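Keeping the supplied structure of chain A fixed, place chain B upon it in accordance with the hints.
Top line first, the protein sequences correspond to chains A and B. Going by numbering that gives the first Met the number 0, 4 is the number at position 5 of the first sequence; the sequence numbering is gapless. Going by numbering that gives the first Met the number 0, 16 is the number at position 17 of the second sequence; the sequence numbering is gapless.
I should point out that these hints are in silico values taken from the structure, not numbers from a laboratory. Among these hints, one or two may not hold up.
Chain A regions said to be covered by chain B (calculated; three or more residues, Cβ under 8 Å) [stated by the list, open to error]:
1) 15 to 25
2) 48 to 60
Result set (DSS-like, lysine-lysine): computed pairs, CA atoms no more than 27 Å apart in a straight line [unchecked claim]:
3) A/K97 to B/K192
4) B/K47 to B/K37
5) B/K192 to A/K88
Since this is a predicted model, take the numbers as computed values, not measurements. Cβ atoms here follow ideal geometry from the backbone N, Cα and C, with glycine treated the same way.
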Amino acid sequence: MRGFRLNRKQKILRNLLVCLLLAAATYAALGFPPYTVRGMLERTERRYLLSDLEPLLVKRERIDYSNKLLDTHETYLLVKTENTYIFTKYTRHFLAVKPGYGDKLKMGRDFLCAAQGGCLYLAGKFPDAASAIMQVTAEKTERYCDKDRNLIRTEQGPARTFTYQGERLGEELFEFRYMEEDGFPWALSDLPESEYHLGQAAYEWYSTYVEGSGGTGVHHADLPVTVTLYDGKGEVLDTLDFTISNYELFL
Amino acid sequence: MTCHFGDWVSAVLDCVRFRPDRRAIRRELEAHYEDHVKDLERIGYDHKLAQERALGAMGDPVEVGRTLDKVHKPWLGWLWLASKWGVLICWVFLLLSDPFWRLDSLRPVRRTGDYEPDGLFSFSAGTPERDDSIRIARGTGAQTVERVGYTVSVPYAAVWKCAKESGGTAYDEYWSTVVVAVDDHRFWDHGPKGIWRELEAADEHACVYRTQWDPAGGNFIWVRFDADPFRALAYFQICQLEPPGEWLEISYPYGEPWSIRIDWREAS
Chain A
0 MRGFRLNRKQ KILRNLLVCL LLAAATYAAL GFPPYTVRGM LERTERRYLL
50 SDLEPLLVKR ERIDYSNKLL DTHETYLLVK TENTYIFTKY TRHFLAVKPG
100 YGDKLKMGRD FLCAAQGGCL YLAGKFPDAA SAIMQVTAEK TERYCDKDRN
150 LIRTEQGPAR TFTYQGERLG EELFEFRYME EDGFPWALSD LPESEYHLGQ
200 AAYEWYSTYV EGSGGTGVHH ADLPVTVTLY DGKGEVLDTL DFTISNYELF
250 L
Chain B
0 MTCHFGDWVS AVLDCVRFRP DRRAIRRELE AHYEDHVKDL ERIGYDHKLA
50 QERALGAMGD PVEVGRTLDK VHKPWLGWLW LASKWGVLIC WVFLLLSDPF
100 WRLDSLRPVR RTGDYEPDGL FSFSAGTPER DDSIRIARGT GAQTVERVGY
150 TVSVPYAAVW KCAKESGGTA YDEYWSTVVV AVDDHRFWDH GPKGIWRELE
200 AADEHACVYR TQWDPAGGNF IWVRFDADPF RALAYFQICQ LEPPGEWLEI
250 SYPYGEPWSI RIDWREAS
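Just chain A, with the same shape it has in the complex:
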């Protein structure tokens, strides 16, 4: 007796069904990655117990890592709900999509300032603010570690305040550009310190040297930030004081 044989159309249908099942299994195995901004917002809502997230800023970047076969795509999201602001990113490499480093990037109530791609973004409810000026102060603070004696010596250098005029990107968003998008802060050659931009200062002025070994690193520092908001007549509306990590400014 001959067994049941499928004709070509039936085989195509069977194969398509198998493809669908395998694709669904792959999607599940990858953790149901979000590929769209809407999907990323929903994932962010669930990760942080928030609802009705509204995007204020969506930025996409494509990175070609030399050790990876395919490009990496990063999507940065600055979102808000009521008085909570979140800055997060999703990284897609081939089919896998992962949320930002350390599970989150930044979260704030009432307002949030985050750095990305050479810009500082300030999100908050400033309906009457027509313009804004941001001042970030960096102070050269070099550390020298003596491993043998377990000592850390700190040398303070001059402080410098960087001032930036804000550009309104939306009702609740100002952008302050402090360096060109590709203005990578390392590889500074012979640039005098007085000509450093904020990204370079955040990287170069917070060095840690391990004496004897020649090892160096960049230590963490919170740089004081003051934002002054002005109304249409140029009068001061409000002043915000907070800090920003030097790592954010150059990474």
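Positioned in the frame of chain A, the structure of chain B alone reads:
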């Protein structure tokens, strides 16, 4: 097989537009022809005559070829090949996505009972903190919180007292364990992973303990995470030298802020 049959097959195959099928068609026609030749030989035909008769019975090659071309339609053939490659590619993608690691998270986590049946959980057996600690208080969250389809609760909290000595001075150290549970019906979900580093704890002495590490103290340390498809458990600890007060409150400040209060009661 005579060269006549070879010509006949070639003429048939020339009519079949879907080239990938030609080899299989050739094999089938050859098998059919050879069977026929053998049948004729069995009933007494000599080999050459059997070949001629069998070839004659195969019919007009162009007619046969056209009929076969109708059956082996190119679009159907290419679609079939594509679907075969599709299955193969889907298998490769599935294996690359490493589906086996997910099987670990299918083991059910605790839902009732004692969350620290073997003592202060974050220390291994044999350490003084584990062996000498006494559970002096227990509690559970007074309320549950519903947010975006999740139910947040505190099913277990306890205070452990550990007698210590330093430089000849005896003192007590207090370890509080708080288990925060999040339940949902979305098996595909991974739970609100972002909140674990944003929770805060506060007690009646107005001490605030934060999940963001502070070397000066006052830390609400996230030490363990267990999850199955429907429940996530995060274990936190607070270490302090003062005995805890009457209550502890766990709170989350973002979105629609919430808090869950734990009233300590003496452990039996």
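Quiz item: Which numbered hints does this structure break?
Solution: The structure breaks none of the hints.
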